[in-house]
Amino acid sequence: MIRTLNIAFIALTGLVCLGLYHIAEEARVTSADLRTTERSIQFESDAITVLGAEWAKVTQPARIQALASRHLDLSDAPAVELSSLTQLPPKNPPLVPEGAFRNANTVVPAPQAVPTPAETPTDAVFAALKTGT
Amino acid sequence: MEARPAAQALVRGRIVLAAFLCAACFALVSARLVEVMVFADPAAISSLAERARASRADLVDRNGVLIARDLPVSDLYASPAAFWDIGEAARQLSEITGADEARLKSTFAAKRNYVLVQRGLTPDKRDAAMRLGLPGLSFEEDHKRYYPSGRIVSHAVGQVDADDKGVSGLELGLDERIQKGGGAPVALSFDMRVQYVLEHEIAEAAKEFQTKAAGGIVLNIHTGEVMALASLPDYEPNLRTLEPGDSTRNRMTQDVYELGSIFKIFAFAEALEEKTITLDEPIPVGKPLRLGRFQIHDFEKHGEDISAAMVFAESSNIGTAQIALRSGPRRQQPFLQSLGLFEALKTELPEMASPLTPRRWEMVEAVTISYGHGISVNPLGFAAAAASIVNGGTRVHPTFLKQDTPQQGTRVISEETSRTMRELLRLVVTDGTGTKADAPGYRVGGKTGTAEKPSNGSYSRHQLISSFVGVFPIDDPQYLVFVMMDEPRGNKSSFGFATGGWTAAPAAGRIIARVAPLLGVKRSEIEINDTIAAANP
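Those protein sequences? They're chains A and B, same order as listed. Each residue of the first sequence is one higher than the one before, counting from 4 in the working numbering. Each residue of the second sequence is one higher than the one before, counting from 2 in the working numbering.
Among the clues, some could well be false.
[To be verified] Only pairs whose alpha carbons sit at most 27 Å apart, straight line, appear in this in silico DSSO-like list of lysine-lysine: (1) Lys126/B / Lys60/A; (2) Lys60/A / Lys208/B; (3) Lys181/B / Lys145/B; (4) Lys288/B / Lys302/B.
Please keep in mind that the hints were generated in silico from the structure rather than gathered at the bench.
Given only the sequences and the hints, what does the whole structure look like? Please build it.
So, in structure tokens, the structure goes:
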């Protein structure tokens, strides 16, 4: 009985040793992989750091302004030539009520009298804005 | 037969001992496993985290735009003895690193053990050098502080030394936070778009009027955040050396000036607070004011009597002096002190000059100080005091760190006085000396200043400090713009004048027109329509 147990324990110990060796080997390989990956991350991280700085350099306003003045046919607009959304003319009302299209028997009514864009006070402002001073 | 139980006991004892040893070994392995898997900090194991902690944190502006960053660089060393062909190695290394080939050849031939090939290699160059496959190359990891914006904001941000420690500017003032903040970026109060506009317009104006120096500040009057700060001449921080004409002196904080008539803001704020004037009362300004052996003049004639409001708008020294006399030195002194004009500002920026105040403060001093002579302050200190007057009347402390909430400063003047002062500042721009600072739609209010510089015990009439302080939008003020020019020269466009209204005010107007949309300030459509109507009669 004791002999059987001894053999069993020795076998178990042997298996445990093998298992331990296997785990140790796996840990070594994983550790090597980790170092490689870390080196790779480090390289990419360094590259990102440098690229971030390069991006900040090439997008700085002084450079953009120099490029724009060299390559684009733009000029600084005086403030009075700028406008805001609230100064845009209202959207023209539809000539035909929306529901009328669904009714095949409907005859298209005569267009409603709507002020032409130039007649509305907001449009006059907008026109003046476009012409500028 | 008696020895058998004893032998059995011995074997049993050995088995127990072996079992105990095995159990102890397994317990140790288990304990280590638990420690590694449960308690160990993965970041502590990673070399990446160590590298991140070793470098200085990024400096970014309020919108996250990069201002300063530590770049990973490497110093490349070589052991020439390991090279097969010294000439070929020198050629290849020179090609990749930019090092002088002749120098490399001669140092390699000298048979030294260890030769520096090139400092500060970027990661791609380092990689390229490694790919050469040359034996005997070694790299030493390092950092180099890089400022992508170059000269822009150089004075405020400052520099680091060779050991990556802050030596000036915010690099020094925030050194501990930058080094020990765990690598998290430090968000400054600057807006790099506004900073660029300020620098650009100040540089243009400085060129136009051939100034000795110039500078400007954009300040949020509620949070105290310095949105932009420019001082010319400036310098290129990436060069680590000064070029001819460059200066590391931050004139907005390191220098003190007698700022002239922009100080009238404080004289009028005090008079309104103490109710010693009403804005429509006539003040005689027709003749110079005699005060003991001194005589006070105006830059130009304003007629006999003008209202107190127009004394401010037309910047009359004679009128302001009379108003200052009503309050007197005993009340003027604590009032200016309450605005922080007697002490050096305490900000994150270490380079901060202390104001110069008169030793004796009598009637004559009270009068000259009312129009900005006899007291010298640094421009940022002045801007903070002026912001306290127009922001509703509470003290503002400038800061170079991004803030989320307005400051709750101590009250220095009433809200009513602050509102009246804003109206007066608007009057200066619509009907006074600051008309050239107007930016249509942005309701600019401001005050011009022209001070003669002290020279050989008196004041020089041809060496001026010309300035303008503007606030916008005046009906709900958010930002203050200060522009200063040191010894501007009048030109054809200014009809030979070098005063604040002709030199600094137009620059301030252009700055406001450009930065207001960036800062989200809405234009007044009523004012725009009025401008359009006036332009298209």
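Verification of the hints:
1. Lys126/B / Lys60/A: holds (19 Å)
2. Lys60/A / Lys208/B: holds (25 Å)
3. Lys181/B / Lys145/B: holds (18 Å)
4. Lys288/B / Lys302/B: Measuring from Cα to Cα gives roughly 9 Å; hence the hint holds.
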